[in-house]
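Protein chains in written order, with the working numbering: chain A, 23 to 365; chain B, 23 to 365; chain C, 23 to 365; chain D, 23 to 365.
Keep in mind the hints are simulated off the structure, nothing from the lab. A couple of the hints might just be wrong.
Same chains, same label: a pair holds when it works inside one copy or across any pair of copies.
[Said to hold, decoys possible] As a list, the in silico DMTMM-like pairs of lysine to aspartate or glutamate whose alpha-carbon atoms are at most 20 Å apart:
| id | residue 1 | residue 2 |
| --- | --- | --- |
| 1 | Lys-57 | Glu-27 |
| 2 | Lys-65 | Asp-138 |
| 3 | Lys-299 | Glu-44 |
| 4 | Lys-57 | Asp-331 |
If you're wondering where the values come from, they're calculated on a predicted model, not measured in any experiment.
Number of protein chains: 4
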Amino acid sequence: MVSFECDYSMGAHPAILRSLIETNYEAMPGYGMDKYSTSAKEKIRKACGLEDADVEFLVGGTQTNAVIISTMLKDCEGVITASSGHINVHESGAVEYTGHKVLSLPQKQGKLDPHDLNEFLVSFYSDVTHEHMVFPGMVYISHPTEMGTLYSKQELEEISDICHEYGMQLFMDGARLGYGLMSNSTDVTLQDIARLTDVFYIGGTKVGALCGEAVVFTKNNKPQHFVTSIKKRGALLAKGRLLGIQFDTLFTDDLYFRISRHAIEMAEQLREIIVEKGWEFYIDSPTNQQLILMNEEQMAELSQYVTFDRWGLYDEERTIVRLATSWATTPEDLQVLREARIG
Amino acid sequence: MVSFECDYSMGAHPAILRSLIETNYEAMPGYGMDKYSTSAKEKIRKACGLEDADVEFLVGGTQTNAVIISTMLKDCEGVITASSGHINVHESGAVEYTGHKVLSLPQKQGKLDPHDLNEFLVSFYSDVTHEHMVFPGMVYISHPTEMGTLYSKQELEEISDICHEYGMQLFMDGARLGYGLMSNSTDVTLQDIARLTDVFYIGGTKVGALCGEAVVFTKNNKPQHFVTSIKKRGALLAKGRLLGIQFDTLFTDDLYFRISRHAIEMAEQLREIIVEKGWEFYIDSPTNQQLILMNEEQMAELSQYVTFDRWGLYDEERTIVRLATSWATTPEDLQVLREARIG
Amino acid sequence: MVSFECDYSMGAHPAILRSLIETNYEAMPGYGMDKYSTSAKEKIRKACGLEDADVEFLVGGTQTNAVIISTMLKDCEGVITASSGHINVHESGAVEYTGHKVLSLPQKQGKLDPHDLNEFLVSFYSDVTHEHMVFPGMVYISHPTEMGTLYSKQELEEISDICHEYGMQLFMDGARLGYGLMSNSTDVTLQDIARLTDVFYIGGTKVGALCGEAVVFTKNNKPQHFVTSIKKRGALLAKGRLLGIQFDTLFTDDLYFRISRHAIEMAEQLREIIVEKGWEFYIDSPTNQQLILMNEEQMAELSQYVTFDRWGLYDEERTIVRLATSWATTPEDLQVLREARIG
Amino acid sequence: MVSFECDYSMGAHPAILRSLIETNYEAMPGYGMDKYSTSAKEKIRKACGLEDADVEFLVGGTQTNAVIISTMLKDCEGVITASSGHINVHESGAVEYTGHKVLSLPQKQGKLDPHDLNEFLVSFYSDVTHEHMVFPGMVYISHPTEMGTLYSKQELEEISDICHEYGMQLFMDGARLGYGLMSNSTDVTLQDIARLTDVFYIGGTKVGALCGEAVVFTKNNKPQHFVTSIKKRGALLAKGRLLGIQFDTLFTDDLYFRISRHAIEMAEQLREIIVEKGWEFYIDSPTNQQLILMNEEQMAELSQYVTFDRWGLYDEERTIVRLATSWATTPEDLQVLREARIG
């Protein structure tokens, strides 16, 4: 069955498997002290245009969010997010498990609105009782968002300015960063992100790796004894090489960008098919996730051709259906969808 | 300066001080094992109409909320509240500090709407990804609410039914419970609360005590080794007698209810004064807290007669002002307000 | 029954009750912003010989330990204690509940040995894997210790030097500090403690107050937004006046020191009685707690005259019995013990 | 350079890489819902002789320890370990980070002594203040231990009996379980472990996998909504297939046992070499880790032939050196060591 369910349903890009095989019998120190991790970090620094950024590898997205947020917030602080932010909805309370509140603001197209953010902060600091409240210490944004939408450079600059005006850190969850950077509709580069955020991560799991996220601390701001804090959270991989080798491969010859670009091209064709079929978009997404509205009958038919994700209920009749492309999507996969006969 | 700022600006009801003096030289075991604690628990059980409820004393409200919620939730669960709930706004993230998410629903007149609650639960359990979300394990309601409003018996019954249908516990924050029970406009009795909730507390701090809240577990559901869990949270008072003696006094000859009733009578007169003065109510409150709208000029004038609380901003010109009565409010205090000359 | 069970079995020193009565009808702001708290802090600063120390009041000892340790440690750090330290044994894991390890070293007469401390640190930092271990960030000592013993000034200076050499903070739990300072056998003054520690607390609960501990940050090192961190831990008392008034009274006319001195004088007489009776000391204590060895028969007889604490098992026949004096112990109490006829 | 440093310095057993390649283009659901995870669980159940055990896969050892301990303990409980237990020394306080105390008893040959355990429990429950202490809720043992030693079946039965007498759970950390099961000197089978423990894990990371540990709940005691608890701790792997495929391979045709047996055979030859060389053993280990004593000069010489681990200081002159074999150790590796010329 052809899979459009999500962008992590396949294994890994073949180049990654090749690297794992080639390096398999090299003895290396554990915990990320291996040479491939070192090399991968250097390549990521270069791609970001940051000579001395600290780069660290973690295994998965929720883990990365919880580790970053809990090590970078002060005791009295919480993290601001759009209500639809992954940390607020689909991480089983992992941030709260570290003892910090998630402060949610209404999502607008899956994004945090700079105006809402500013208003919240003005209101917070004008409240005479704010010492009994949770201080906003960080802003979390996902880019692309959970709905596939993207921030413009203008929006990122506004959010970044507000953060720094109020002494907050800006953290970007880049679980699908490649798909955002390679979108036809973005004016945001990796260098922009490195400049405008305090910390962000480059997602591997959803962009061709077996697992792994690369955290970039952009402002000489890696928490002290970070390895110990990672270990304390059960997030330190013994065979750190598994992460180092994968990211070293992804950042060799622009593989990360090339496979992301491929997914975007597949997504553009997917959008054409959706338009052709007359299906209704739930939201206009310039990245690899396309959200459309379907009723039960349509979904029953669709399920005979491809797998997809029931993303949420839209109204009493219709469901929001997610179709996602990835590095592994092929023109043949799209053809199956194109030829599908759905009422 | 006459104080209408809050209901905890004075010391304690004189009967409480008297009891402390009379018992001062009795040697007693610590940690709530004293005879006054035992007696107070028995009196509270009787007042609740519960023969075998477990009653425990804690020092303050935020502490009580965090202890109850964190010991009664399962690992995968969070607590539902109206967005205006004290745990969601003014406790510095104390619930999240225990590792549990606060799930907020929109407040309606400061209350949780049973319909909203039901809708949230239907939506949660129909979401195929809900195992990656925080399970709703408890509903938190404050009665009176932070805005001074009250649930009707009908509303409590609906919420209680929904809770039990979905395997959730119902917890009532009764920091100002006396003022709710003695309101002219309530049809809810202490026995109703004991029947409809799984756990609630009878507030002392804001109803005449120096400190102290009495937690009532209504369904033989006190967490195992609860004393140890209290100690673990730094919430076990060495001289537990301080709490036992106060609650024993408050529940002797209906003192708790009599002083609450007094505050309500004062609040009714306060409402008349507000109407006479032509001040605008922010919300219609049948309890001891009255929220009104004033501009800066009016507040400047008011501040020459009495103290009050700037509860929040209403719009660009007006502030929500809180005037609160308590067991300690006198007719003379009201007279000062009545005679105040405010534009 | 005459009580030698502990030093917190009575209410409060009568001067404290008097102050509570006298101030009862003064309206004051909550959360420690009242004038008595301000005055008490100033008096404590003066007693410590520290012009600009930050002083904060908390309700109880375990709470204070957990709040101080968890707000002053870094994420990767734990706290070193003698194995017999209160935080390691009798606080139900309250420090661990905040996410930090208690690193215990063998107790020597209830104390942490500077030599052991130094050896531990040398070993820790020579371990190549110490980034996978818990960093020692603070040393906790109790003075007097849980066994009634005292550190000499020489010992405190050694420990303080080691702490600062290794970038650790020194925290003194002074739950019974008055009894230590007024001992016949100490060369340590309050000013010494203020100089040698980074933070310590002056115990109220066990020295004549209903509740309350006064934390002194000696090195301009109060954690940022400390009130918020206290609130977050459920430890902020609404009627902060209860703590302010008590400590203001205790630090007026040297009351804290006078009642501590009284307890020491009573303890000296108690020691004479123990010697006269031929009872065996478990340890030589120069403070208000005396630990002796008794068999079951002796304890049965003793229990007919006074209450006491079964502190622990000594061997198969004998129990360690604690007899404690306090501000409330009278010569008549001692006379009862003196006249007791025990085999 | 030939590596004897540890058992996780190579990649993965080639059969595992082969499986990853073969399954790479199969679209599978995430989070462990894939068919290889299902198959692996079934094979593990069979190997354990448990028809209906719950098996779950996690990524690494510290993570597994923290997840298991924190989800299986009650709020008031801590976990008992030998002082040398990995959770007590080398996990950066990961268990304490979950809010639970690690209760350490003296290690004897790296093991927990059943007699010590019993004595601790008798003492704990005879202490009248034990409600202010941390309740022992679980016993943690590692098998093989951190020193390479093994429990006998008799010892395991005694510990298991004590656990169940005192209402505690028995948890075995099997990070190197294969090497224990295949030792020449053990009388403990996988079925014994399944019978005597409440939960244990079969280590993959140190026995030929890239990552992964298989947790076995032996008594129908998997925590409710365990997936949510895993997610909450940031420990849920998106591409769960990575774990499923590896364990499915390891438990096909006894691969796990065969490669463990190989490591043991290499270790036996290593022991012979150590004896031949006249090096002194630190401890007698029947598993894949051999601990010996060397001075600086010897280590300098040894380091010219092979890599090894400086495990700890022994005395002022000598260091404890660890030489470890693994599934990847070859006779040629041993030959290098055999021919090494060390003073």
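Now the hints, each set against the structure:
1. For the identical chains of this complex, Lys-57 and Glu-27 are inter-copy neighbours only, at 17 Å across copies versus 36 Å inside a copy, given an alpha-carbon limit of 20 Å.
2. For a Cα distance limit of 20 Å, the shortest separation of Lys-65 from Asp-138 qualifies neither inside one copy, at 37 Å, nor across copies, at 46 Å.
3. Neither within a single protomer nor between protomers do Lys-299 and Glu-44 lie at most 20 Å apart by alpha-carbon distance, with minima of 45 Å and 35 Å respectively.
4. For a Cα distance limit of 20 Å, the shortest separation of Lys-57 from Asp-331 across copies, 19 Å, qualifies, whereas the shortest one inside one copy, 39 Å, does not.
Of the numbered hints stated above, those contradicted by the structure are hints 2, 3, listed in ascending order.
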